[in-house]
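Number of protein chains: 4
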Amino acid sequence: MTTGVWLVGGRGSVAVTAVLGALAVRAGLAEPTGCVTELPRLAGAPLPALGELVFGGHDVTSVPLVKKAQALADTGVLPAGPVRALEEELAAAEREVRPLPPARDQAEAAALMAADLASFQERHRLRRVVVVNVATTEPALAPHPAHARLDALEEAMREPGGRALLPPSSLAAYAAFRAGCPFVDFTPSTGARLPALHQLAARRRVPYGGHDGKTGETLVKSVLAPMFAMRNLRVRTWSGTNLLGGGDGANLSRPGPNAAKAASKSKVLGETLGYLPQGETRIDYLEDAGDFKTAWDLVTFEGFLGRRMRVDFTWHGCDSALAAPLVLDLARLTAAAHEHGRRGALTELAFFFKDPLGSAPHGLADQWRLLCDFADGLRTGPGPVTSGPR
Amino acid sequence: MTTGVWLVGGRGSVAVTAVLGALAVRAGLAEPTGCVTELPRLAGAPLPALGELVFGGHDVTSVPLVKKAQALADTGVLPAGPVRALEEELAAAEREVRPLPPARDQAEAAALMAADLASFQERHRLRRVVVVNVATTEPALAPHPAHARLDALEEAMREPGGRALLPPSSLAAYAAFRAGCPFVDFTPSTGARLPALHQLAARRRVPYGGHDGKTGETLVKSVLAPMFAMRNLRVRTWSGTNLLGGGDGANLSRPGPNAAKAASKSKVLGETLGYLPQGETRIDYLEDAGDFKTAWDLVTFEGFLGRRMRVDFTWHGCDSALAAPLVLDLARLTAAAHEHGRRGALTELAFFFKDPLGSAPHGLADQWRLLCDFADGLRTGPGPVTSGPR
Amino acid sequence: MTTGVWLVGGRGSVAVTAVLGALAVRAGLAEPTGCVTELPRLAGAPLPALGELVFGGHDVTSVPLVKKAQALADTGVLPAGPVRALEEELAAAEREVRPLPPARDQAEAAALMAADLASFQERHRLRRVVVVNVATTEPALAPHPAHARLDALEEAMREPGGRALLPPSSLAAYAAFRAGCPFVDFTPSTGARLPALHQLAARRRVPYGGHDGKTGETLVKSVLAPMFAMRNLRVRTWSGTNLLGGGDGANLSRPGPNAAKAASKSKVLGETLGYLPQGETRIDYLEDAGDFKTAWDLVTFEGFLGRRMRVDFTWHGCDSALAAPLVLDLARLTAAAHEHGRRGALTELAFFFKDPLGSAPHGLADQWRLLCDFADGLRTGPGPVTSGPR
Amino acid sequence: MTTGVWLVGGRGSVAVTAVLGALAVRAGLAEPTGCVTELPRLAGAPLPALGELVFGGHDVTSVPLVKKAQALADTGVLPAGPVRALEEELAAAEREVRPLPPARDQAEAAALMAADLASFQERHRLRRVVVVNVATTEPALAPHPAHARLDALEEAMREPGGRALLPPSSLAAYAAFRAGCPFVDFTPSTGARLPALHQLAARRRVPYGGHDGKTGETLVKSVLAPMFAMRNLRVRTWSGTNLLGGGDGANLSRPGPNAAKAASKSKVLGETLGYLPQGETRIDYLEDAGDFKTAWDLVTFEGFLGRRMRVDFTWHGCDSALAAPLVLDLARLTAAAHEHGRRGALTELAFFFKDPLGSAPHGLADQWRLLCDFADGLRTGPGPVTSGPR
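Chains as they are written, first to last, in this note's numbering: chain A, 1 to 390; chain B, 1 to 390; chain C, 1 to 390; chain D, 1 to 390.
Bound-form chain A, shown alone (with noise of 0.2 Å):
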């Protein structure tokens, strides 16, 4: 079952390690060391084999990924051994990143798009092609009338002053729609979370997943917060400051994407305790730090007759090591969910996300049951499932 993943935002960290991951763990020279799908627990599961992975992607920028490979060995983020053996891999995974294709309107850039994705599964023979959006994170989108309606925003779209109708991620998301391509947003930016991107998900019978990967201080707020939760502690203040490098921290330090990523950030809080606790999560940028980070959070509670405690954690984490086996283990589970039938919004990833689709839940330990629920079905169950958009 070849699979496509094609990567918006192909030629930044976290696509570069990913389709060097999946291309040294083929080769033998790694383990899946951080892929969830390579659990015993959901190995049962009719996913795509990680050597099935065929890659391509869009970007902006045109820095070959054998370079990207090596600057990120430099930096600790690659180790130096595979990027040396898998050059030639590299090199050939090089020929399907391209540019943004030049459009005079929104309606012709998806075009183009979709021609891309489509000539891509030619070319491959590939069963599908899922599309999984890595790009930097886009700031929150101001609401038009036409994010309603699949129509209205197809006419929309045709107008020349229309060419910021729809941002970057949601732009790929209508593109990937009309190729009939399974779509998965691992940022934050808005991608298929738009009623008329929806509408145009369940007419092409394509399930979509969202958003925003969860990889470090989340991931530790999703096991601590349920803890404090079961075990009845109230907690009062919860205070989170991460200071990080890259590409993704110097965006991040714009206003924009800042807000859109620290709320994010914050909802699993809310979700898991029922309340909001005092304190604030700040995302600083650290030039020095590249693609590395360091989360502190701060969390104080009150125990029985008021008794007042604390606990901190430091977190120093490689965000690309972290998203990219998350980005092959979200393509191939969302290959399968196509393969089953599925369309419309994948609720049942939420132990991916920082801001999962739908209503689903926000402790760790209840999205791993979903999870593994939704891996079972896709092996014994029958056919399609329909979720509605948040």
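Hints are not guaranteed to be accurate.
For identical chains, the list gives no copy identity; a pair is met inside one copy or between any two copies.
Below, a list of computed lysine to any residue pairs in the SDA-like style, where the Cα atoms sit at most 20 Å apart [stated by the list, open to error]: (1) Lys-267 <-> Thr-237; (2) Lys-267 <-> Pro-167; (3) Lys-267 <-> Arg-379; (4) Lys-67 <-> Gly-81; (5) Lys-267 <-> Pro-255; (6) Lys-67 <-> Pro-99.
Please keep in mind that the hints were generated in silico from the structure rather than gathered at the bench.
Values in this document were obtained by computation on a predicted structure and should not be read as measured data.
Assemble chains B, C and D onto chain A, guided by the hints.
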């Protein structure tokens, strides 16, 4: 359903905090923060109310409860207001905390302890008495052939040289079972974990629970370790340092209890990860810390393509304030299990323990589900179930 | 040598802690822990004794000192015992804390404030009165031509529109100098840092000190940064997060004071390292933290052959308990300097400040030597020295 | 002034890092970051230049320097580029690292070692050779009467049963002094700290320095502890945990070396505070940590009116990268001292050591001043000074 709670170590910090807390909640002076059985999810279970609990206990020391409570208020463990307001009620509880009766052998000691339990039950017209061990941690027990069979045990207990045959926690369990009382061990001590005592519990149709209340560092471990497992991230090292004072800390500074406690703390990693990462769990006595504990844990782990990452956390908690509400929870749940006809090991209480009985899961979320099912079963299910000891 | 200490912000946490502390030490109820001038090294300096200090002050609020002290005891800032024992003495101090007198322009306001100082001095027969500003942090001051020369300033102060010409801290400094009183600014506010006020201090032959008491995170920085410098280790990034509540925190959550405080906190790195590492110092308001502050600093640095390393620290302190003894130290040292004939900026007090006057060193050890030499000079040296303002 | 540096433990991580680093700086491939003697303040001292150092050494292992350097590059201790570029130079250094010569007694062993030193000096026409011990930590030495006097020692060294009379570090010191070479002990081992060896150093007119390079946790302690002292804040507890791997960690997991190291680490608190706070310093072996060390220290202290506060820090460093430049500094400074006529204990080098010789101060700032004065004296001062051993 007035229920007795007999605390072995009834003058210790945990016991006094539990007693004062129950009194304060009853009097409307405090919220039941930290009491798991007061969560909405468990509200429907047919448990004795917090206000229906009557307290007594054994202790080797003779510091009056009021004095101890005032001392705990001076060091910030207890709030000063309720301690002042509830002096009279504490004095009433005082009358039911007795010294361990002197005896010529363990058989007689157990008989006298059982008589104390019977007298307590009769005088207060209690539906039943649950015995909870909150005394100091004992060293690991030296094996003895008489531990294997009840008849052999009882014979050996009558020998004058048999005084050290059972450690205090097991003698308390024996006496409880003899008196028809359920028993809970909140410490890592041996308690009911001897085949002979399991036979006695089965014969007397009483349930028992344990071991070692999970209040701080291990609680956090029981959510963090499953997080790594669910994400297929390989934990390379997990090192813990616990600094604590108080009577508990002083006792744990002795090699025997220290080893017993460290063994209990180490269970969660192997069980939830499926392998043992490198690293030790240290427990160091720091007199000046009093009833507060600071734990620091460093976890290093490996992600995609071998990338090393790390998280560390610092926990600053008050053990008595964390333990006391769980003691009340356990007394109430065990009483209800007894009422419901359960006997033998209550493996479903794993949520509360570092080293749970039987083959219970060690991840907190799985333990929570087990607890919820257990509480539901108390409400709806029919009758007696027996579990074997570990 | 009975000495008056006039606290601008006399009903705030720092002021009340300083007053209660001085009373408690005098009464033998507390040790002078945290008082630098009580160290053996400085014992020989001819300072007014702690017991010889008499307190008064201005404040815009009217909460009685006893009430404030009880509130601080309830949240653990002050010990309950001394607050109870010293109620009478606090009530006596109460009578000397007055509202800011209403006035039609700043000239009249200053005259009335100076009259309060004179009356205080006369009634208590004080050798002198030292004015210490412990009021809330002000935003940075907008420049005005009249700040440059005393005559222009005094003319402008008489204009009815000139009410906002001087910020409260500078008005207090002006009033102090007018009354012949030394002035210390324990905050980052402008205080005496205007050429016109320096002229006045020089003319009135009074010394002044500042700025911004160094009590926590910056104190640690002032020893860690020199450590890196002395070891030729290159600091790459230094990121700080300060979480604090209380009135100080609420005020610092406003952009103006926040920027002023952050600027003050940032001085130490550039001065001790000789370059500015990447990274921000954040100050976030966390109401629930009350008078306590938690700061987290992450420092990454480069060693031999480019090897990157890191250290982070978490400081959990009570600002009032850290600041109050320094306020007493400063009052005593400044009184002695005045006695000794010093006038103008007391740059030798850099040890106490985040943003010291003049070109003083920022490393704590160098500041300590400067302080010791200064104290020695008070004892042995002859006479007047003048320093220019920054 | 070409100077030999003879490294006892010449194939270990510290030695290889020092050699590679000196070569890399000489070749313009690296900055001398971490080299204290390269700071402007010390630039005027008449030291041999980094580029004038020639390396040799003894070691019991036989892993070639190039291999060791590559292994250190693989684990991120050394940068890969310079290791590749300097293979030839490392191979040249290789030829001067020899096994310890076999001998029938310690007298002969010392003579053979001294001959190696003499041959090294002669072949490279070195002005002098400084011997630096960077071998693994030894257990504390059992006292022996022959340690007290040189003649008794030399007699005992000739006995066949006297093989264990001197530990390796002291034997190396003896051989160095016999060969007229200065000696520096970078470890907590005994080294030259025996009266008999001091006599020999004095007689041979050579200086020596030590003990135990201050590279991480203790370095931070040596600035934090004086901070508390200068502020009259009472440190109540200071607890440290050190997790480290590598050969050093493995050796320190043995009780003898562990105790010796912990003793060395504990000096700074008592000396700088004037009292010993509660708390232990733990050193735990964590194989997976390799040449990196993580230390966590928790300090609780008391401020004004008994208020308790706390600070903790986490240090994550690479011991070799921290130690190696100090080894170069010490070799250069000791060479210059010898040139200047100094003999006996160089107490002025306390800045570099956890457990400095003589009655040197333990606060880093005081040690820095001592070092600066010492360096100034080398430049300007006339001649020989002798210090006694501790």
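For each hint, the structure was consulted:
Taking the closest pair of Cα atoms, Lys-267 and Thr-237 come within 20 Å of each other only inside a single copy of the chain (15 Å); across copies the shortest separation is 30 Å, beyond that limit. Taking CA atoms no more than 20 Å apart as the test, Lys-267 paired with Pro-167 passes in neither setting, with 22 Å inside one copy and 42 Å between copies. Taking the shortest Cα distances, Lys-267 and Arg-379 never come within 20 Å of each other, neither inside one copy (31 Å) nor across copies (34 Å). Taking the closest pair of Cα atoms, Lys-67 and Gly-81 come within 20 Å of each other both inside a single copy (14 Å) and across two copies (17 Å).
For a Cα distance limit of 20 Å, the shortest separation of Lys-267 from Pro-255 inside one copy, 19 Å, qualifies, whereas the shortest one across copies, 26 Å, does not. When the C-alpha separation of Lys-67 and Pro-99 is checked against a cutoff of 20 Å, the pair qualifies only within one copy, where the shortest distance is 17 Å, while the shortest distance between copies is 45 Å.
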